[in-house]
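Residues per chain, in single letters:
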Amino acid sequence: MKRQNVETSKRQDIETSRLGGAGVVVVVLLGVSGFFVAPVVAGDVPRLAIKAGKIITMDDVDTIVNNGVVLLADGEVEAIGKASEITIPDGYRVIDAEDEWVVPGLVDAHDHSAGSLYDLNDSVYLTNPGLRTIDMVVPRNERMEDALAGGVTTVLVIPGSGTNMSGFGTIVKTYGNSVEDVVIRAPGCLKIAQAGNPERYWFGVGRTMMNWNLGQTLEKAKAYHESWTAYEKGETPEAPQYDLVWHGFRGLFEKKYPAGLHTQWYQVYMMSILMLHDRFGLNIVTDHSTFDSYKLASFVKERGMYSVVGPRQFYLDRRDRTINGCAARFAEQGVTRLGINTDAPVVSQKDLSYQAAMACWLGWDDHYAALKSVTRIGAESLLIIDRVGSLEKGKDADVGIWTGSPIDPRSQCKLTIVNGRIAYDAKVRRRY
Amino acid sequence: MFRRVIIVAGVALWAAFCASSAAADVDAARTGSGQGADRGSIVLKAGKIYADPSRIIEGGEVLIEDGKIVAVGKEVTAPEGARVIDRPNGTVTAGLIDANSTAGFTRRTDRAEHEFECIAHLRVIDMIDLGHRAFERLASAGVTTVYVSADSASVIGAQGAVVQTGGPSDQRVVREAYGVKATIGREPIYKGSRSRTPRRRGTTYLTRRPTTRMGLVWVFRKSFHDAQTFARGSKPGSRGAGSPVDEAIPYLQAILRGDIPLRIQARAQLDILTAIRVTDEFGIPFVLEDATDANRCVDELRERKIPVIFGPLFDYPSGLRRGGGEANRYRYSTPSVLLNAGVTMALSANDLTGEAALPQQAMYAMRFGLTRRQALAAVTTTPAALLEIQDIAGSVAEGRPANLVVWSGEPFDVTTRADVVVIGGCIVKECPARSSAAGKKGTGGSGDQGIEGASDGWWKARLRGVSGDLDRL
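Protein chains in written order, with our numbering: chain A, 2 to 433; chain B, 1099 to 1571.
None of these hints come from the bench; they were simulated from the model.
Remember, predicted model here, so these are calculated numbers, not experimental data.
Glycine included, each C-beta is placed from N, C-alpha and C at the ideal position.
There may be inaccurate statements among the hints.
Residues on chain A that point at chain B, a partial pick, calculated with CB under 8 Å [as the list claims (entries may be wrong)]:
# : residue
1 : L118
2 : D120
3 : S124
4 : D136
5 : G168
6 : L317
If we strip away everything but chain B, and leave its shape as in the complex, we get (with noise of 0.2 Å):
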């Protein structure tokens, strides 16, 4: 009897609590990220404007209505009432756009369908939580829209989806489905709840192919061979050992006569060159996702014009990156050396978001050689043509929806910022203005103690801290 009170009373706990976070999210979603629901007129004024990257209009400004870009220029008719944000030490560029992200994905047993090896038929935008903290992050960061790419766990995996990071609720779902991702690596094989070879004993029938990079590979060409048999309007000779499930065979001869496109992910250099192989048995063209390794195939890519999803850069791989081996000849100067060869490039942050965000990629790669307008371009026009999102995402330009960045400074600078972001004609994050860049010490708050105080205070507070183990111990 007592046990029933308590499980009753803990059932009721936990549906209240529920319902109370419910609540919240349903805020969040409305207001876009929680923050500035304003969607009235705006006006950007700032010391550069980075129209796209080989147009830079100089103390130039933008207006922006009903949730678009109405005026770009050196000066343009505020209407009354609009709101004014002025920034003379500052520059505007459209919103960064990842184009291999993973944001939103939820549980890591929700990421992938595990049932199956080729899920094409089954799209990652019924998975995505939009109100998962990953968007508030990227959107701070002046990441303003991503494609969120399926997990690695299937061989082919599921259709992706572009999102905005923020902004109107209505208008976050860009693009629900856009292209499927395959991977070729060992990712399907350690993170396929059914491949992965049980501790104990051996591989056997009760595991599901593919355990090695050779049973993958099957798996992938088998899909396309039986989809391609299925098109041609025979039945393949025999199903069984990699055959794709009835419902994504459709899919797959979608991506045959290139309807949807593949992305492939891919990051040693044996499983790009891999990549390249099977593709070319089908004939079917790619964008290469992650690509640690492509300094190695330059030439490969260059002749086959195969586009790059390139990133995240790292000092060192973490996570099933690093457990992987896949990803240990990582080399900073890859984005210029692919860009120098003529290679079509995007940069990417993946799963990083926040301060590691795309910026930070970018500024990565201008240290080690683009310029600022390959930067610029690598994570804004180039993913968009890649998403064949050019004409609402990726440039500033009247008639498009308002997604932009007004950064501290220069874009991609160590010391720059995202100050003042806005998608879809909202504020979804506003920095009061730093009076100037440099010679002054502090920025205000608490950052006026200076960085002598701030280091003596760490030490005194980590002293603290050890001390009070000792006493507990």
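Okay, chain A solo, but in the shape it has when bound (with noise of 0.2 Å):
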């Protein structure tokens, strides 16, 4: 492929510049692999110069950088720009990607394999206030070596969708040694999961039941939140009776983390954002959002809702005889908050990337949006944009170095750096 010129440019057409490169590259799939886990090595985080081919920054500009150099240092993005303009210093080791593209690491924002899945849905009650994730994430564990080989550096893990609500979700790396070392934010969200499975709990459990039974604790959570609120603007001389069970619930209300919705289906869909966005004013980030969902492309974009789809990408219509790409159908009603998830394990971590790719498949013709739906969407929605989701300055030096497009099903991605360390080398060690 004749390189070309170093350039930085506005949003690109990325899908031809890699046509014809280095071959196509056929991933095989093994099922098998070994119960390696690599060592985290401890000590100084190296640091890195990458000499890239063509740099997707993801950044609000959607800046992208043919011929480029990415610094990285002290686990941060320290410098971007073109190999004309930045000089390597010394002490840095240089990776040659000249043949390849540099993307952010991805981010999913709906994830299970993170965790210990024994400990997923504690359903002894319909909803669940106080459980949380983090006591449950395992890190290190074998399926994040897939999420390496996938280049997915950020996951937030929740709890299952065995009940209505199923505890506080854990947003954290796919790399590192200990719990306190991966997790970006605890909590990460608040777990909700409407209709599509809470109802097979048990015997007379429908949804008229689990929405008002869900909106009661809702409004248990709120009135102990506005307690302390009055409280802490000086409304009420007393300090209000700390609550373990209420508390961490303070954070919902003020915004500081968003309610992850389960919710799929025209009807429970809707319901689900009058309840909770209309009613308790919550920030919500619908999950899976498939089905039918996309009848209500309207009601997200009027809201500015984030939307994340998977991990299903079709809707079979049957009273149309149609089948309907999801995001697909999103995208063409103007929804441009639209993630994409994989629901790991239901679908395997390394698959983020061909989830978009389906998307695209099946009618999403923006292919730089599809790329944008697992990294600066994701990171967005879940409020740590300031951190993860795009390779700028001072953000995390969490990056993918892939033979082409992400979003290409023919690419792969050959280097993972989480933190600024090399988690994941198909040199060294190839997972497939």
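Using the supplied hints, reconstruct the complex from the two chains, each of which is provided in its own coordinate frame.
The structure is reproduced here in structure tokens:
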């Protein structure tokens, strides 16, 4: 491939630039893999300089740098720019990716696989205020090796959808030695599951009861929050009593973290938005958003909400006899805050980029937006865009080096860097 | 009519059986593990006395009178008629202490009260069978004192007890109630009869929390939160899911005050880190039990000065350890990693008794990095300090109860066994002296035929067994 001239440009057609590249890479997905977990190297974070063929920064003006250099130091991005403008200082290990793409580490806003899979659903009660996934995060587990091989560096670990309110999620990096190493924010979200699983609880639990019950629980949490707010504003003289059950919800009402909704199907989707966004005024991220949820794209657009689609990417409309790409149908109605998830281990975490590729195949024309959906949008929806989701000076050094566009199924991730450390290197030990 | 006769006869037979076995139990208890009620003066002479891990007396003697150590030194003045046990090739150490044992646990259903998840008000001593065979096996291996920790079926379990593995029956119980054990991991979920998810249908309100680690941690936090709120003179805003019963609250408050030491069983790295996280929240110091993955949280343990009762070491985990997936990253070098990092560590064999008990744990720990003194401290003085019984156990000194072991050679060597075990001045085990440790084939008795002969016999027996089976077919 003829290398393009050094240039910094606004949005380009990123698909064409790698066509006819190093050849078609056939990614053979081997189911069998060793139980080897690469040790996290202790000591100082190395200083890295990546010579890149193309840098997709995913910053807010969509900068793309051809023939650029990325400097990583102290676990942060130190500098990004054209190769002609940045001289690599001494003491930096140079990674030659002159034929490759450098992309921000992917972000999955819906994951279970960074935790212990036995501990997802505590289904004794329908609503479970107080439960939290930080108590079951398993750093460096086998499934996180998959995530790294797929260029995924940040995931939101949430409890399962067996109950309406199943606990607080935790945002973690996919590489690190201990729980405290990997956690970015806890609570990462409050997981709320609307229909499509909780009604399987047992006999007699229907959507009417579930929604009423969920509303009641949130009312109590809100009352607790408001009593504290009144005290903090000086409206009431006496501090309310600290209550472990409700205290964690204060951040939810202060919008420090969102409510992650398991919600799908037209009617359920609508009621979720009306109840949680309109009635309780929460910052909500509608996860799944599948089946015919796209019929409510106008709802999402009006309210400026984030919608994360997956793991199902299409809906078979029996009445219309059509197959609809969920993300495509949202996008064509003008929804731009559109993310893609895997719900790992439902879909393996390594396939996050492939999920986005599938959304494109099913009709989402905007390939750049699809790449954005698994990087910047994921981070924005979780309110962690100040740390991850794009390659900008001062942000976490989470980088994937790909043989081409991650949205192209032929591309593979060759090297993954998390917090400035090389977490996966296909040359050293290829996983697939 | 006939059936009634059978029932009456059956009941009579059963009663007779119970009576006879009860009588046997009483005998066993009176003589202390059924051996040696002799409490006269004893003089132990050995090639080396490990008074404590830092003080070794070459060619020393120990005088025992009235169940106590009266004198330790190069030479003691033995009273008239004192029994002299002379083992010039042997060594003497204090009786070993296992600070995390399950010895004496009775029937499975009896091990924990399944009615509540927090049973800090209940006591393990009410359940321990002091006549259990495990005690005899432990005593025979050289373990004289054990802390029987509560079963891991409860999130916050019962109060443990410190007991002697043998000796005078009126001195078997050292501490009736000491410490409360909490468990963080999957075991309360697997073992708790109310928490297990029914096979044929999912978890519902008929199941009890915890059914996951998340729920388990909630029960732990909610218990201490409620106790703390009551201690401050107010009532918790909500009493419900995860709340402890009223009876347990004073004991939880005693833990919060530091009056009752808390012990937490956690094996996997995430569980150890969770234990640290939740105890930090309430400011409770604790002792870590089991700690299979301790080598993966060395920094956290050292910074917070958390003592570890580590063990058992194993080739491959068995039972719940295996099924729970909590112990699949075991490593033999962990004890030396912990000690070198400056973490206080005692070794434990937990539910392993007999040959696999504490001496073998110390042996493995030595093979993978501990010095003999470190290993000896890890099974004597350190556990004694952790159980706050360092004044009465863990070292050989005047005035202490005579809990001693005479080893056939250097302690924890592969070829060394506990030759003489003294608990509370009673000789509970005494093997005949071996004339020489090496250079002589066989050690008397059946060993005389030598290895080849034994091997041959084994094969023949095996073959006979096979042909017998074939005949039956």
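Verification of the supplied hints:
Hint on A/L118 is violated. Least Cβ distance to chain B is approximately 10 Å, over the 8 Å limit. At a threshold of 8 Å, the smallest CB-CB gap from A/D120 to chain B is about 4 Å, leaving the interface hint in force. For A/S124, the interface hint holds, since its Cβ comes within 8 Å of a Cβ in chain B; the closest pair sits about 4 Å apart. With its C-beta approaching chain B no nearer than about 4 Å, A/D136 sits inside the 8 Å limit, and its interface hint holds.
At about 6 Å, the closest approach between the beta carbon of A/G168 and any beta carbon in chain B falls short of 8 Å, and the interface hint on this residue holds. Here the hint on A/L317 is broken, as its CB sits about 28 Å from the closest CB of chain B, past 8 Å.
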